[in-house]
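As given, the protein sequences belong to chains A and B, one line each in that order. Each residue of the first sequence is one higher than the last, beginning at 5 in the working numbering. Each residue of the second sequence is one higher than the last, beginning at 13 in the working numbering.
Among the hints, erroneous ones may be present.
[What the hints assert, rightly or not] From the derived model, a few chain A residues whose C-beta atoms are all more than 12 angstroms from chain B:
(1) 175
(2) 214
(3) 239
[Stated by the list, open to error] Partial selection, computed: residues in chain A whose CB lies under 8 angstroms from chain B:
(4) 10
(5) 11
(6) 184
(7) 195
(8) 199
[Unchecked claim] Listed next, with one range per pair, are the computed distances between beta-carbon atoms:
(9) 165(B) / 125(A): 30 to 36 angstroms
(10) 193(A) / 214(B): 32 to 38 angstroms
(11) 156(A) / 155(B): 52 to 58 angstroms
(12) 165(B) / 63(A): 41 to 47 angstroms
(13) 187(A) / 214(B): 25 to 31 angstroms
(14) 104(B) / 114(A): 56 to 62 angstroms
(15) 89(B) / 168(A): 38 to 44 angstroms
(16) 196(B) / 255(A): 58 to 64 angstroms
(17) 110(A) / 106(B): 35 to 41 angstroms
(18) 84(B) / 143(A): 46 to 52 angstroms
(19) 133(B) / 227(A): 42 to 48 angstroms
(20) 111(A) / 146(B): 47 to 53 angstroms
(21) 110(A) / 146(B): 46 to 52 angstroms
Just so you know, the hints here were simulated from the structure itself, not pulled from any lab data. Keep in mind it's a predicted model, so treat the numbers as computed, not measured. Ideal Cβ placement from N, Cα and C applies to all residues, glycine included.
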Amino acid sequence: MSGVMDLGGRAWALARRNVLAAYSVLFFAYLLLPIAIVIAFSFNNPTGRFNYVWQGFTWNNWRYWDGVPGLRGAIELSLEIAVIASLVATALGTLVALALVRYGFRGRGATNLLIFLPLSTPEIVLGASLLTLFLNANVAFGFWTILIAHIMFCISFAVVTVKARLVGFDRHLEEAAMDLGANEWATFQKVTLPLIAPAILAALLLCFAISIDDFVVTYFNSGTRITFPLFVWGSARIGAPPQINVIGTAIFVVAVGLMVTNVLVQNRRGKRGLV
Amino acid sequence: MAVEPRVAPAPAGQTGPRIVDVRLEGVTKRFDDVVAVDDLSLEIEQGSFFALLGPSGCGKTTTLRMIGGFEEPTSGTIFLGDRDVVGLPPYRRDVNTVFQSYALFPHLSIFENVAFGLRRQGAERKGLRGRVLEMLHLVELEGMERRKPRQLSGGQQQRVALARALVCSPRVLLLDEPLGALDLKLRKQMQLFLKRIQHDIGITFIHVTHDQEEAMTMADRIAVMNKGRIDQLGSPDELYERPETPFVAGFLGVSNLLPGTVAGADVVRLDDGTQVHVAAEALQGRTGRVAVGIRPEKIRIDGGDANTLPGTVSESAYVGVATQYIVETGSGRLTVYVQNVRPGAEGAAPGDRLTLSWSPDATFVVDSTEGSA
Ligand SMILES: Nc1ncnc2c1ncn2[C@@H]1O[C@H](COP(=O)(O)OP(=O)(O)OP(=O)(O)O)[C@@H](O)[C@H]1O
Ligand SMILES: [Mg+2]
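Excised from the complex, chain A in its bound form (with noise of 0.2 angstroms):
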């Protein structure tokens, strides 16, 4: 009797270790397939304009990344609005954040809720509203209104990273350094800073990944001025060259490189004792 149960409880747990194992293996494929297509296709050497079919091995489309024309200016004009919009809002966020956590203002759950608009409403809504809003000051559109653009929709990001670190914040640290001599700024600078500089970092990579492939609400207000995932988009309808996967390969790289270093650096930090 309980060797039935016990070779039906072995079989399950067999059948139930491979089903995991399974899912997993076909969870992570369909994860990384994708990826690792357009990794291969930096290397194809497609014949038509499409690069849609494998042809051929070659370090060409690495060699001449920027053999497109417009995609230097593209790539260079989607770097500029991402290192500004991820400062700009990283800063203007974390300064947002430290009101809306430390001090108790008029308005304060009204900004709190205001905060969370840019995050909900849908991409579409906000890109179209912003046109609107350009149209009617007669802004030229250009890069000024796609960085406005960015900015905006990146705050919101960079507060809600920054405050969940704040919210969390011991403030007798703060009174322990103002106790032991530390004026405000001091306080802010030793103590407050270094403290959320973890949050701030995350804020800003966060930032400047959303603003570097923001497609929908750039397309509204870029004018004339292409990006890099506006330029994409264009090629795409009358041929996508294999550049194209290059700097989507490069891209993805780097990302991964940065996170490696991060857990790395936490780690270590771990270990160390800091945090």
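Chain A is fixed; fit chain B with the ligands onto it per the hints.
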């Protein structure tokens, strides 16, 4: 109630003018509808170990935070030395605080934690290292300077917090229940340690605690706080031997309070007619209804003292060093401790009738507890 907290004269034998380090004048702190500190006045002498003692929520922390500069009083003035410090930020006040949570900077090493205050003062590098190491030596943490706070035990962190505050040589050190998070044994050790350090460096300590034993062990002077006010201020033995309010009598140790009426310059008549003699100064001009207080260990069951009260033993409990009796009398129930001086000596048993006696000097008088309880 309404016994004005008085500042007792300097301890005998001390020469020279008394220097007051901290003076609070009519300080009130209101949080919305809560009055946390209520018209509190108090003077703390230089070099003393001063304890603010009281139950939870009586306003101890709030008082300390106002001295430290983390809260501003709603009204009243705070002096550090001769200087009115109301409105000054914490970094402009010559006091340092040991926080209950220690509040060590988690991102800085022990060395940098202790050096923090010196660096803010702009101490030059060479002297700084020496002073930090010296301070770590004082709190017995040599060799720990490169660790991070989270790599230390609770007691060690506590000493870092102490070193960090002391290294700035403040006029006054504020300690808010610094031993609250430690276990009993470590607490006892740290009590003696703190007391010794205070004695050695001579800085004024203001120590907040709700533990009467801790306050009695450590402090030269204790202010007993109750509902935002100071009920009584004095040395530990004054508070114990001559409590002035029922609250103080009950908060510090066990006391027997018997209701009665003042019937002369040094006599109180209990409700069953018994006359109790008290020291004349114990009455402090009170008339009418009062309560007479006697500490349990001051009562004898073998007679011989001037005040007597017959009663019946209702319970007895042997607790080693003493035997505790509960005795029912015509004026109420009394707790009595009798020291077990001779081994095997027969004490009283429940049901025994006996006559309690105690000396007038051991008797204190407080305002009547009727109506207020
Ligand atoms: N920031 C605040 N806002 C509102 N009420 C407060 C605030 N701080 C303290 N109080 C109130 O003031 C009163 C005194 O508080 P305080 O912290 O000084 O008490 P305490 O004597 O230190 O008590 P404990 O022994 O529990 O620490 C309490 O009723 C408390 O609720
Ligand atoms: Mg407190």
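Against the structure, the hints come out as follows:
1. 175: Violated: least Cβ distance 9 angstroms, not greater than 12 angstroms.
2. 214: Fine: 28 angstroms to the nearest Cβ keeps residue 214(A) off the interface.
3. 239: 47 angstroms, holds
4. 10: 47 angstroms, violated
5. 11: 50 angstroms, violated
6. 184: 4 angstroms, holds
7. 195: 6 angstroms, holds
8. 199: 6 angstroms, holds
9. 165(B) / 125(A): 30 to 36 angstroms: About 51 angstroms separates the Cβ atoms of residue 165(B) and residue 125(A), which means 30 to 36 angstroms is violated.
10. 193(A) / 214(B): 32 to 38 angstroms: Since residue 193(A) and residue 214(B) have Cβ atoms about 34 angstroms apart, the given range 32 to 38 angstroms holds.
11. 156(A) / 155(B): 52 to 58 angstroms: 53 angstroms, holds
12. 165(B) / 63(A): 41 to 47 angstroms: Between residue 165(B) and residue 63(A), where Cβ atoms are some 59 angstroms apart, the hint is violated.
13. 187(A) / 214(B): 25 to 31 angstroms: 29 angstroms, holds
14. 104(B) / 114(A): 56 to 62 angstroms: Given range 56 to 62 angstroms: violated, Cβ gap about 36 angstroms.
15. 89(B) / 168(A): 38 to 44 angstroms: Given range 38 to 44 angstroms: holds, Cβ gap about 42 angstroms.
16. 196(B) / 255(A): 58 to 64 angstroms: Holds, since residue 196(B) and residue 255(A) (Cβ atoms, about 60 angstroms apart) stay within the stated range.
17. 110(A) / 106(B): 35 to 41 angstroms: Given range 35 to 41 angstroms: holds, Cβ gap about 37 angstroms.
18. 84(B) / 143(A): 46 to 52 angstroms: 47 angstroms, holds
19. 133(B) / 227(A): 42 to 48 angstroms: Given about 56 angstroms between the Cβ atoms, the range is violated.
20. 111(A) / 146(B): 47 to 53 angstroms: 52 angstroms, holds
21. 110(A) / 146(B): 46 to 52 angstroms: Distance hint for residue 110(A), residue 146(B) holds at roughly 51 angstroms.
In summary, the structure is inconsistent with hints 1, 4, 5, 9, 12, 14 and 19 from the numbered list given earlier, while agreeing with the others.
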